[in-house]
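Visitor: Each chain, letter by letter, is given below.
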Amino acid sequence: MGLGGLAATWLLTKDGFAADMVKPTLERPTFDLKPKPPHAEPAARAMISIFTSGGPSQIDLFDPKPEVDKRNDTEFTGDLKLGSNMAARNSRKLLGSKWKFRRYGKSGIAMSELLPNIGSIADDITLIRSVQTFNSSHGPAIAAINTGRPLRGRPSLGSWVTYGLGTESQDLPAFVVLTDEAGLPLDRNANWSNGFIPSIYQGSVVRPREPRILDLDAPDNLRGPAQREWLAFLDQFNREHLKQHPGENDLEARIASYELAARMQVAAKEALDFSNESKATKKLYGLDQEETREFGSRCLIARRLVERGVRFVQLHNAYQQWDHHSDIHGRLPVMCRKTDQPSAALVKDLKSRGLLDTTLVHWGGEMGRLPIIETQKPIGRDHNPNGFSMWLAGGGIKAGHVHGKTDELGFRAIQDSVTHFDYHATLLHLFGLNHRKLLFERSTRQERLTDGQPAKVVNGILKTPIA
Amino acid sequence: MLFPGCSANRHEIDVDIPVITIQNTGSNFSQISIIGGCDLRILRCVLFIATLVVLAPAVANAGSPRTFESDVRPIFKTHCFQCHGEESKIEGNLDVRLVRLLVSGGDSGPAFVSGKSGVSFLIGRLESGEMPPGEKKISAEELRIIREWIDQGARTARPEPASVDQLIFTDEERNFWSFQPVVTPPVPAVKSTNRMLTPVDAFVLERLERDGFSFSPDSDKRTLIRRAYFDLLGLPPSPEDVDAFLVDKRPDAWSRLLDRLLDSNHYGERWARHWLDISGYADSDGYSEKDRVRESAWKYRDYVIRSLNADKPFDQFLTEQLAGDELVPRPYRNLSDADKDRLIATGFLRNGPDGTADRAVNQDIARNEVVAETINIVSSSLLGMSVGCARCHNHRFDPITHVDYHRMRAIFEPAYDWKNWRSTEERRISLWSDAERQLSEDVDAKLQQAASERAAQIKQHIAEVLEIEIAKLPPDVRKNADIIRDGVLNRSRADRTPEQVAILKKYFALNVYVGTLSQLYAERYQKELKEHNSYIAKITALRPTENFIRTLSEIPGKVPVTYRFRRGSHTQPAEAVLPGGLSVLTRGEPLVLATHSELKTSGRRLAYARLLTSGQHPLVGRVIVNRIWMHHFGRGIVGTPGDFGSQGDRPTHPELLDWLASHFVRSGWSLKELHKVLMMSTVYRQSSTRTEMLDAIDPDNRLLGRMNLRRLDAESIRDSILAISGNLNTTLYGPPMPVTADGVGQVVLGTPKNDREGRVIALKENAAFRRSIYVQARRTLKLDMLATFDAPTMTPNCEQRNSSTVASQSLLFMNNPELLKQSNVFAERVVKDVGNDVAAQLRYAWRLALASEPTSEQIKRSVAFLLLQKKLAEQKITELKPEETNKVRFANEPDKQALTIFSQFLLSSNAFLYVD
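Line by line, the protein sequences are chains G and A. Quick note: the first sequence uses my numbering, first residue 154, plus one each step. Quick note: the second sequence uses my numbering, first residue 214, plus one each step.
Hints are computed from structural coordinates only; laboratory data are not their basis. Beta carbons: idealized from backbone N, C-alpha and C, even for Gly. No false leads were slipped in.
Incomplete in silico selection of chain A near chain G, CB under 7 Å:
| # | residue |
| --- | --- |
| 1 | Ala-1020 |
| 2 | Ser-1023 |
| 3 | Leu-1024 |
| 4 | Arg-1102 |
Restricting the straight-line Cα-Cα distance to at most 16 Å, the calculated cross-link-like pairs of lysine to aspartate or glutamate (EDC-like) are:
| # | chain 1 | residue 1 | chain 2 | residue 2 |
| --- | --- | --- | --- | --- |
| 5 | A | Lys-350 | G | Asp-604 |
| 6 | A | Lys-672 | A | Glu-741 |
| 7 | A | Lys-1100 | G | Asp-373 |
| 8 | A | Lys-1034 | G | Asp-373 |
| 9 | G | Lys-396 | A | Glu-905 |
The task is simple: from the sequences and hints, build the whole structure.
Guide: In structure tokens, the structure reads:
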């Protein structure tokens, strides 16, 4: 067979200039989780997101509206469509907050009496009161704030960050998801899906109770040398097999995944076992109280994971636990009691360990709630994606700061609004990543987290603004 | 699919890639040319670009001047047409659909000045980001193309039509490769004729030879038989199967093997899985959290298996699924098996998510979503087009209009009439014959009679007992006996007179009722009750079980008008629309409705089925053969099996695709024939080993200079483990094995116990060991074992599966109790089959799991491993306290432990998980 065409050309380059060949551009793309340098000096090295899906009521928690309190129980006469396109099914009666707001810390940020502990970290956080996701249904809004677009099938934030940066720990998953003992959130694992990027970037679920990772423990008869020898024997055989299949990335990846699994058996076990934490730490997270124990355990695990080099941790609540269409007066305090102390403890604990500067903490969901009554008995509020609140701390975020503003009734953001894509551009910036440059090639298009939307880094919330 | 060649500098790739101008010429490879003997830098660059071109969806075509139709219109179509042309109100009175209209301009004057992009209004608006409004902006590259077009004189490819409405599609759009009729191309000549076994080989080899390549060597027979078994059956060959094939020296041994596999019932189970993926089959409704179980959906799954095993001609298979109900005479009673199948087949159109049984959801939205999801499934599975994109407006990239979408909707709306919705219960059809129905009615009558007889009997007993009690009363009370009888026997408690109430209150024993009978006259009462109950049971047993099927059909004579929905919203109906296919193919002509003497319904779906299966449809045949190809080779000739449009991949071998599509139709739409043609080829029989040279040019193996290495899919992994351990239950058909979440949230086989701990009632062992296609497919619950290996969630269907490699899979092989159990069963089987000779055990286990023969070196090392494991197990025993030994598995059986752990090793190896 005579060689011609591309084959001949290749031989020529190989024989003549093998040492100088630029092989990488010709190889199949390989994907791994090794640490990768960001585009610029990063402020944040890790992120913990407390994702409060369902729509926590900002008007009762973070964004006081004295005007609504004053006009409580009166008819709203303005255009409801301006307030929310979901507003049609609501009453027009304004509903003031049942709870008092207080000014917390030196910064004097006003937050609800329902959140005294988050109040106690007011001087460490930036509270954004002007977040917008534009979608008044949970599914699309969750997708928007967690994947960049109100569509299913896109990679989640954790997938993008670990795709861009890899992870510091090769013994633990790069992206860990901590789910609630009461169940999975809306849209379940779409919340931590890798979408169209390789599956090594998908979130690994750590379960809310033991066994926190399935199949992590070897059974008694295999534990110890038996399994070690087994892995060694398997590794040797798989490597022989690989030798007969040169260049097969997937075979290599699987050999590596056995190695990771073996390391995880030790490392994940150690990371997830917080029994040796001090009594004071456990008390800080509320592990001594029934109401806070479960959520507190997950916050503590989140800190332990980040401490050990995990890049991205996301905590989820169960299905629509913050979605208070009815009985907001009964159900909202329950969620606050569950999460207030542990969330604040996480920030305090990270700070005391010197980790807060490099760990971005996020607390927020996909939407907020309306200032009017939706259901009378028992009273509830409907969705509002047009101006809601979330807070960030650490990882290069300004401390003791309030950003953005909603109108006097709290229908929508009117100043310094922060869209979900602004938030994404900003968090990538904190990681030293440029949202325009962090991209993934698909066959016919380049994909980005911000996906061509007019995203801007929110300079006003950065400790070190962009010059 | 990924773009290879991008990993090294993926952050800068947005600079690198767009340099190559992509022009559609219909073929990927036709313009690759290579310059020999040049400077190293150029050479490297050439190689890099050549690689990209081989892999890019289209080919570079620089130099020719830009035209509106080829270059600019697609950009405008994507970003501007909707507001500036297509909608009734034209923004700023500027219509951008024709150059002529751009020149005459809108409220702000002409849109551009020919030759001067710098002063053109249009460019200013685009550049400033004012247009298009909203989140999505045009890219710098697109802007550059528009500028160049203006600067080169704003050419059109040809004179523009007089009216913009005449120009629904440009010639460029009509001429797109996948819309062209399939013509049988001549089989090309090749140099290496000795490698040419089938025409398939000629097409692939000719392309390889153009670049100086040829096929890789043939695989050895062991590799071939394993490949064929997994491809056709999804199961491994047994050692006996392998031996028989190895000793078969007849020249047609391979062909005979394929025939045998194609005749196996497991073939239908394997290939039904592929069809169920694309048709979105599920045993539950999805849509909302409720995810109601679909009781008889599995009959459609069985229909698919049966049809494939029978090699039902694919045109018939499709017609039945689209319009089987219109082939069966009404009323649907006393059905033949063939007619039953035709009705069950329409389950295809009922596969999509359907939230209408959940009262908590908005019904109008949910109903219209069912129609939309059905269109998504039909179009992605049969047309390879994302027609769903045209639901709200004209398709942004492909020539599919908003009206086209609704023409397709009109095909299905008589059956899915959202204003006269029928529930699942109303839609189901009973398979009772008249005789069975009569029998059932007889049973009902008998039961009714028995019930009234029993009631009379009880009444009589009560009267008897009452007389006894009356006799016990003091005489002055007894004189009211008639009043008492009337109160107890004839009146309900509420109807009694005050006098009756008073007496019954005072003399409590007079309150005689059924309960009193069972207490006071227990023996006699129990005996009668037992007799009665056994009679009821006997009669009831005569009633045939009502056997329902899940179908789609229409109500005769009821044909709702289909309206185009503005922006896809059912609340904004516009003009009425008639049923039809994609107008780029049909030139907008409406569907010629099907009729036959028995047809009582609209005939729209039947007509559509005839259109698709005419053998002339440019998409259907290509799409199907491409899918079959994909399942054999790991990648389709078109890499995007669900998108044959402009955003999808172009075929790597367009002539081959057409040859296969026409061959498929010519050979009577026989899938088995198609498998045979593909598998008899040298292309299929090649070794999968990569070579440095091929990898450098074609790392994704698009030219098919070798076979692809593939990971087993989820079902094949589970089924093979069961087959290897000897546990596999090969029962065909029937209701699915139920799945449920256990107390810790793992999804396992079984039914919930509904206790606080969330325990699970496991299936009886053998019942849990059936093939995975019989695992209940809940949209919200995926069996962990399958989900871990990328079994898809149907939302609404799955066009192509992922194949992931994650640590949770490794942990499963290391520690999963079910996997360990099967390893143990496997080890026991080995001992049972070959006895206690260690070397024989190892060799046999190896042959069972990997279908290959271990080398003597491998045997030697395995024996050492076994001894080591045995020693470790013995050591462990000495470390255990006596009371612990019964808690640890195999504590007293070190030999068993060692062989089990070896079996587990085989099942966890890449040699098992991948097919060469």
